[in-house]
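Protein chains: 2
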Amino acid sequence: MPAHLVQPGTNITDSIFDFNKAIIDATHDIAVAYKPNLAFYECHGLEGIKAFEMTVRYIRSNYPEIFIIADAKRGDIGNTSKMYAKAFFDTWNTDAVTVAPYMGKDSVSPFLEYPGKWVVLLALTSNDGASDFQWYGAHDGGGWKNTDPLFWQVIQKSKTWATQDNMMYVVGATKTEYLEKIRTTIPDHFLLVPGIGAQGGSLEEVAKYGMNSSCGLLVNNSREVLYAGKGEDFAQESRKIAIIKCQQPMEALLRANQLI
Amino acid sequence: MPAHLVQPGTNITDSIFDFNKAIIDATHDIAVAYKPNLAFYECHGLEGIKAFEMTVRYIRSNYPEIFIIADAKRGDIGNTSKMYAKAFFDTWNTDAVTVAPYMGKDSVSPFLEYPGKWVVLLALTSNDGASDFQWYGAHDGGGWKNTDPLFWQVIQKSKTWATQDNMMYVVGATKTEYLEKIRTTIPDHFLLVPGIGAQGGSLEEVAKYGMNSSCGLLVNNSREVLYAGKGEDFAQESRKIAIIKCQQPMEALLRANQLI
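So the protein lines, in turn, are chains A and B.
When the count follows this note's numbering, it moves up by one through the first sequence with no breaks and lands on 1450 for the last residue.
When the count follows this note's numbering, it moves up by one through the second sequence with no breaks and lands on 1450 for the last residue.
It is worth saying that the hints were derived from the structure and are not from the lab.
Repeated chains share a single entry, so a pair holds when one copy, or any two copies, can fit it.
Only pairs whose alpha carbons sit at most 35 Å apart, straight line, appear in this in silico DSBU-like list of lysine-lysine:
1. K1398 to K1272
2. K1272 to K1430
3. K1272 to K1435
4. K1307 to K1349
5. K1225 to K1349
6. K1295 to K1349
7. K1435 to K1211
8. K1211 to K1276
9. K1272 to K1420
10. K1420 to K1295
11. K1347 to K1295
12. K1276 to K1225
13. K1225 to K1371
14. K1435 to K1398
15. K1225 to K1347
16. K1371 to K1295
Computed from a prediction, not measured in an experiment: that's the story for all the values here.
Construct all of the structure, not just a fragment, from the sequences and the given hints.
In structure tokens, the structure reads:
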């Protein structure tokens, strides 16, 4: 956080909201979505969650065309997922929520019952730990030779629970070598692609293997954009990085694929 | 909720907290742990989460011997799980949090860095959807003949990340046929066992296959106890059900196994 936003005496709700508001005001015309990460609000307790609520409301009121994804990685037995769905789609009114698939269909279905809202299901994530279980079942340990890895099973099963109009998948930008194969089973679904920027993924690679005839990609860059500057002009620094690292390369890729 | 707690004009924070307080006051001497489920607070937004905070604080202040498990099913990339760990162990000061394993080691490890705090990792859950992915890898579809199911892999890998003093596992009471086998690989870990009561699991079966030399079981009963009564005396009704369905049978089982 820039020092001037966390002066002694400033409450944490204001610090976070002022930070978010500045970044949003500086980037709304070059962003299609914002993806607030709940952990970074919950760690501050009520004051943090208040900043989350204010941020969502601010985007809704001022930039109603922007898609809001609650990055929350929720998922529990049916009667509990129903309450999480209520929290994110009703109470907080985000457009989408990231959901973890481990508990299966009844942990995902309640999120699918809200018209116009989206589940973003974890498939192949961008972190190191993705190799611990998401590749389970592929006995050669990643080469996909004999049997399918778990994440493939997650996609195969879950795509029957929903449509491409209310489900998308997380596929990490650090795993582009598998995007091409993933596109053979879900050619039309949108993919939420984290891992560009701080995690080292390449936008060109993601587009090469993951872009479809309606783009089909929501490419996320969090830390590299958010923490681009530390001074009074931090939001303009964020805008600069967002343009250089995301908007311009994406525009070029969309043009190259004749999508704009 | 009993009608007298949700009179028009009562705010939701007070309704939830008054309900929880009454149940806690009526059951603290026959409970070893409480397991608030975050979804049921989050669905009410800030007011709900305020009730969660007040509830945890109330237990801590009045019944410091009680173990508090935040049932939150969190888990994300390392830098994010670190913030969830801060939320639950630092800000909200619960003793344990339920964690989903899908994203692997770096999504679990940050929770293990708090001395005296516990991860309760999902292994084999009690819901129908457990069969969708938790059995993946066992190609005969549940019989465990040729290869190990995913949940077994989750236990095998994750038990090397932690010790029996900071990790326990969720194993549903509706899956007791597998408890015996699970005890062959984690004989000493505590298991959190949901699914008794509303979900149909049997405490006797759970104890038969899952109890170890220090008990090793935290058996949870949520809905059957919480919603035992709807009148002014709801908390006493909850106490009665908790005694009949949980405390007395558990005491008998502990005696039968010479643990008390």
